[in-house]
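Q: Protein chains in written order, with the working numbering: chain A, 1 to 114; chain B, 1001 to 1117.
There could be a bad hint or two in this list.
[Stated by the list, open to error] Think about it this way: if two alpha-carbon atoms lie no more than 25 Å apart in a straight line, the pair counts; the simulated BS3-like pairs of lysine-lysine are: (1) B:K1003 x A:K57; (2) B:K1016 x B:K1072; (3) B:K1003 x A:K42; (4) B:K1056 x B:K1070; (5) B:K1072 x B:K1055; (6) B:K1003 x B:K1072.
[Unchecked claim] Here are some chain B residues pointing at chain A (derived, C-beta under 10 Å): (7) F1035; (8) S1042; (9) F1068.
Calculated directly from the structure, the hints in this document are not laboratory data.
Just so it is clear, the structure is predicted and the values come from calculations on it, not from any experiment.
We put the CB at the ideal spot given by N, CA and C, even for glycine.
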Amino acid sequence: GALVYQYPRRTICKSGTSMRMECQAVGFQATSVAWYRQSPQKTFELIALSTVNSAIKYEQNFTQEKFPISHPNLSFSSMTVLNAYLEDRGLYLCGATGGQNTLYFGAGTRLSVL
Amino acid sequence: AQKVTQTQTSISVMEKTTVTMDCVYETQDSSYFLFWYKQTASGEIVFLIRQDSYKKENATVGHYSLNFQKPKSSIGLIITATQIEDSAVYFCAMREGRPQGGRALIFGTGTTVSVSP
């Protein structure tokens, strides 16, 4: 079956530092990877969508300079939160699809900022 | 513009009964895909079931089934014979059909389901 592994599950970083999270697709080829942030109120914000052979598309309020994403092959993607501050706290989720239109999610990375 | 709306914030049911959750969506695309996901207490998002807009039959997977009413832009989730472990937050989501693979999911705000013994 289709599985997505995301790590780390939890991370704590000091204000102004950076952290990287990774996402691995198993059992299918991740032609598209979407990165989301979920607020404490459970609202999903789409950060960016990365599709193979296309430029990574960032949503309004999110930039490559702040959330650089790498999608080097069909099984792996990573996203870094640069210069993290309190407003960057939340649950970050990667969802991957192999073109069958169903997005499978990793377990999420919960970011805390001190 | 696309939008997904879940008006029920929380539902409480007794174990072994049926729970129904509502979801309405807005899209300009003639082709789209509708999904239901469950978020567990640990935060994990689990895919449950999906309905493709061109399919007339309601999708069914295990004890999950959908009530797809296309003229009303509605996609309800029905869980029969609920179990304690069905307690979770349920999200409705939509993905527009074109271009293939190039659109992300839009989520509703979620419905919290509590199943009591």
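Q: Please go over all the hints and tell whether each is borne out by the structure.
A: For each hint, the structure was consulted:
1. For the suggested pair K1003 of chain B and K57 of chain A, the alpha carbons sit about 19 Å apart, so the restraint of at most 25 Å is met.
2. A hinted pair counts as satisfied when its Cα atoms are at most 25 Å apart, and K1016 of chain B with K1072 of chain B does not qualify at roughly 29 Å.
3. Straight-line distance between C-alpha atoms of K1003 of chain B and K42 of chain A comes to about 16 Å, which keeps the hinted pair within the 25 Å bound.
4. Between K1056 of chain B and K1070 of chain B the CA atoms are separated by roughly 9 Å; this keeps the pair inside 25 Å, and the hint holds.
5. Pair hint K1072 of chain B plus K1055 of chain B holds up; C-alpha atoms about 15 Å apart against a cutoff of 25 Å.
6. Taking the CA atoms of K1003 of chain B and K1072 of chain B, the gap is about 14 Å. The hint holds against a cut of 25 Å.
7. Using the Cβ-Cβ criterion of 10 Å, the hint placing F1035 of chain B at the interface with chain A is satisfied: the shortest such distance is roughly 7 Å.
8. Against a cut-off of 10 Å between C-beta atoms, the interface hint on S1042 of chain B holds, since the closest Cβ of chain A lies about 7 Å away.
9. With a cut of 10 Å, the hint placing F1068 of chain B at the interface with chain A is violated, because the nearest CB-to-CB distance is about 16 Å.
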